[in-house]
Amino acid sequence: MNSSVIVFPGSNCDRDIAVALEKMQFKNKLVWHKDTNLPKSDLIVIPGGFSYGDYLRSGAIAAKSKIINEVIKAANEGCLVLGVCNGFQILIETGLLKGALLRNKNLKFINKDVSLKVNSINNKFCKKYKLGQIIKLNIAHNEGNYFTNKDHLKELEDNNLIAFKYCDEKGFINQNSNPNGSVNNIAGIFNKNKNILGMMPHPERMIEKSVSGDDGISLFSSLLN
Amino acid sequence: MNITKEVIQKHGLTIEEFVKIKDLLQREPNILELGIFSAMWNEHCSYKSSKIHLKKLPTKNKNVIQGPGENAGIIDIGDGDAIVFKIESHNHPSFIEPYQGAATGVGGILRDVFTMGARPIALLNSIHFGSPENTKTRNLLHGVVSGIGGYGNCIGIPTVAGETKFNQTYNENILVNAMAVGLVKKNKIFYSKAKGIGKSVVYVGSKTGRDGIHGASMASAEFDDDSEEKKPTVQVGDPFTEKLLMEACLELMKDKSIISIQDMGAAGLTSSSVEMAFKGDLGMEINLDKVPCREEKMTPYEMMLSESQERMLIILEDGKENEAKKIFDKWDLDFVVIGKTIETKKLKLYYKNDIVADIPIEALSSSAPQYERKWTKTELPKKETNFKNLKKINFKESFLKIISSSNHSNKNWITEQYDQMVMCDTIQKSGSDAAIIRIHKKNKAIAVAVDSSANYCKSHPITGGKQIVCENWRNLISMGAKPIAITNCLNFGNPENQEVMGQFAETIIGIKEACEYLDYPVVSGNVSFYNGTNKKNIFPTPVIGGVGIIQKPEKNINHLFKEVGNSVLLIGKTFGHLYQSAFSNEILSINEGPPPEINLINEKNNGEFVLELIKQNLVLSVHDVSAGGTIVSLAEMSIGSSLGVKIEKPKNLNNIFEYFFGEDQGRYLIEIDKNNLEKVKELLKKNNIFHEIIGITQKDKFELAGEFSIDIKELSKINNKWYYNY
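Protein chains in written order, with my numbering: chain A, 1345 to 1569; chain B, 202 to 927.
Simulated from the structure, these hints should not be mistaken for lab results.
Just to be clear, a hint being listed does not mean it is correct.
Under 8 Å between C-beta atoms, here's a sample of chain A residues computed to sit facing chain B [said to hold, decoys possible]:
| # | residue |
| --- | --- |
| 1 | M1345 |
| 2 | N1346 |
| 3 | V1363 |
| 4 | I1454 |
| 5 | N1520 |
| 6 | R1549 |
What follows is a set of in silico ranges between Cβ atoms, one per label pair, in the way DEER data are often shown [said to hold, decoys possible]:
| # | chain 1 | residue 1 | chain 2 | residue 2 | range |
| --- | --- | --- | --- | --- | --- |
| 7 | B | H343 | A | S1554 | 31 to 37 Å |
| 8 | B | H641 | A | N1537 | 46 to 52 Å |
| 9 | A | K1384 | B | G399 | 45 to 51 Å |
| 10 | A | Q1477 | B | G281 | 52 to 58 Å |
| 11 | B | K337 | A | N1537 | 53 to 59 Å |
| 12 | B | E883 | A | S1554 | 28 to 34 Å |
| 13 | B | N757 | A | N1569 | 29 to 35 Å |
| 14 | A | S1554 | B | K683 | 16 to 22 Å |
| 15 | B | E563 | A | W1376 | 54 to 60 Å |
| 16 | A | L1400 | B | I216 | 48 to 54 Å |
C-beta atoms are modelled at their ideal positions from N, C-alpha and C, and glycine is treated no differently.
Just chain A, same shape as in the assembly:
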């Protein structure tokens, strides 16, 4: 599998996700935002961080960068695209995913391990998880409060387009287990064709049991075949 990680000025999880991909035997390339050519990729990753310093609005400037046109083209042709954290914000700004990511409900940056319920496994990203499995990943963001209109929310729910929902350790999905105020506790969503996944939690931060946990591995291994 060939993967490309897009690097914007201000990306800061590019190394982390590259390490995770290489560990999982992806042939990975880092692609600079000023490049106009995207290497042939089976997977494109837009990493977390503060692209362009979050100026204007998280992800807004990155969504107008040179390389992003190539990403959009590839995504529309069916290439797998994963956006994590700021990557999710960028995917929203490009219109590849619908909805909005607002300031966290408590108006503060939140970094902590959260429990997530795997909500959809019938796709290329989550097939190695079990449906309803409770996993632990790490969140780190200011703007992760997912919002969308009623019709789109219904579409997401009805078509199994919600990848992960915030829950508590026992799997209960409610306001107490919602860290940032996201509608329906949504932590990650797919596009209609399920070739694009945007998620706020960081799977690349959970690939080693002895460091922080390894619940992120199944996401990468799902993508491998």
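Please build the complex by placing chain B on the supplied structure of chain A, with the hints as guidance.
Chain B alone, transformed into the frame defined by chain A:
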């Protein structure tokens, strides 16, 4: 502009110092030159009151590669790797503008580390606020915490450990100390010493604006009622630009273009150019027309004294300009050759074809004034309170009051605002005795911690100085790390006050004694004087940041109980010292008496023994006993692990308060697997280490036999609520 007495004073210089300047120049300085002298001769840059004392500190051991005097200290951690680290204060700006003050404090210390070629891998901080009841405190706390987070989160360096304390002494002068730790290959370290004549001097990074002009001078005077007016002297940070600058510098450092490099920190372009030239024993010529400016019509005075952030000065090898410029272009940063090194040992500034300043480098550096200020000793306070008669005090209530107090409650509210996980090498986040950071892609780690004990230092600076080094050492030991070296941030009041100067001098004596005995030298640091407002000085607050090495990080020792049914041992002798303790302060509102005594021999023996137990895999958890005493430390081991403990009172207990709240030093709590208990007991006996079996881990309940029992969930709630309710 005429240089009047008033102008001299406004520059923070004395008349005697002005006379000295005239002598050195053999003429009157112009206003630009006066500004440059004021920037270099202020306390913050010249260390004029502290230098003679700082010289006493030990700065070497077999791991030290670079001690004080460079941008940061460096220690060897083996396998060709080295750790670069330093702590620095940003107290004055943070009080005036908490968000920007704290943010630029983080930015500044990060530059000190990546200037040396290291990629920063961890941030720590020590922040001290006034009493929570003080009307300013809430705003300052919120601002400082989001400023620290805002900068570290954006640049993508994990903020992994720290301490937050409240005391009325900081009501009008908070402390914000930031520490950065970086990783560098031993053979790829960069220094600030210039070399060679006629080499290009390059300005890189952000443009120069009018912010922070005279920031260093502000940090060299105490506050008065008009301090709010000093807002324009606070710098404004941009972590995004710093990220670009860091990546660009590290990219340029991969090949051999750089002769020397220095960040523009306090006193900006002035101090960076002077320091590089002075260390290289040569001069520098700068054409100020070339300096990239953010605003129009900036004067040479403003350019030289601006403390705009995210800027560096680089001296390049011949013919490397184009290659280097390409890298900075890639990162959309300014890259301008603004001058060159010269043989004449002078700082020569040109502007619009005129020479506007011409100062011998030595006059600005080695000839800067040094003072041996008068100081007075602090006598060891007498023990006046009698703690024997505390019958009216309820033990359980006191305990719960302490763990729910501002100083002892859980700090998740703060640490969750910091990205602690980015870079994916954080093995132990904040909340334990120290944080553990893995060396990227290697099976090796470092432990890092910061500590301070202002109450102890105020009461008796020599003991306090010793204590704080020992506590920091103990914190690293508790994580299974071998402590290697420290950095210190010495926050004190007005050095012109003899009592304050005495606190400083004696704290240094204490630090020195402990560092020498523990082979734990000081490799970098910072002195912050003039912390006070309207002649009221803060408590002496030295902050120690320590780094230790962990050879096998996969074992991951921390303070949390691991299993039910294990014995908990208290290592080290308990005398029941309550003076200057959390109990005495929080419950009895008594703050007199001496701090707990430091016995360096026991400290070292106990510490080395615990470290050996960890190495031999004989302990499951370790926690040092510090503020709040044994009972609070035991509670911390329970909360978070969700495992309880049944604590037994010792048979010949005289005074339950003294025993459980006493803050005697050199003590550790360790959890031992039942199968290893006999073996550990034998080792304790063989090594002559004083110990007591104090309890047994159990499910759900935190219990002191015969006194009280409380559900862990409830205990955790009590411990967790303060910040959320503040």
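Results for each hint:
1. M1345: violated (21 Å)
2. N1346: Given a least distance of 22 Å, the restraint on N1346 (chain A) is violated.
3. V1363: Status holds, d = 7 Å.
4. I1454: holds (6 Å)
5. N1520: violated (14 Å)
6. R1549: Nearest chain B Cβ about 5 Å off; hint holds.
7. B:H343 with A:S1554: 31 to 37 Å: holds (36 Å)
8. B:H641 with A:N1537: 46 to 52 Å: Violated: the Cβ-Cβ distance is about 37 Å, outside 46 to 52 Å.
9. A:K1384 with B:G399: 45 to 51 Å: Since the Cβ atoms of K1384 (chain A) and G399 (chain B) sit about 49 Å apart, the hinted range of 45 to 51 Å holds.
10. A:Q1477 with B:G281: 52 to 58 Å: Check failed, 42 Å falls outside 52 to 58 Å.
11. B:K337 with A:N1537: 53 to 59 Å: Holds, since K337 (chain B) and N1537 (chain A) (Cβ atoms, about 55 Å apart) stay within the stated range.
12. B:E883 with A:S1554: 28 to 34 Å: With Cβ atoms ~31 Å apart, the hint holds.
13. B:N757 with A:N1569: 29 to 35 Å: holds (33 Å)
14. A:S1554 with B:K683: 16 to 22 Å: The hint (16 to 22 Å, Cβ to Cβ) holds, given that S1554 (chain A) and K683 (chain B) are roughly 20 Å apart.
15. B:E563 with A:W1376: 54 to 60 Å: Violated - the Cβ-Cβ distance for E563 (chain B) and W1376 (chain A), about 46 Å, lies outside 54 to 60 Å.
16. A:L1400 with B:I216: 48 to 54 Å: At 52 Å between Cβs, range holds.
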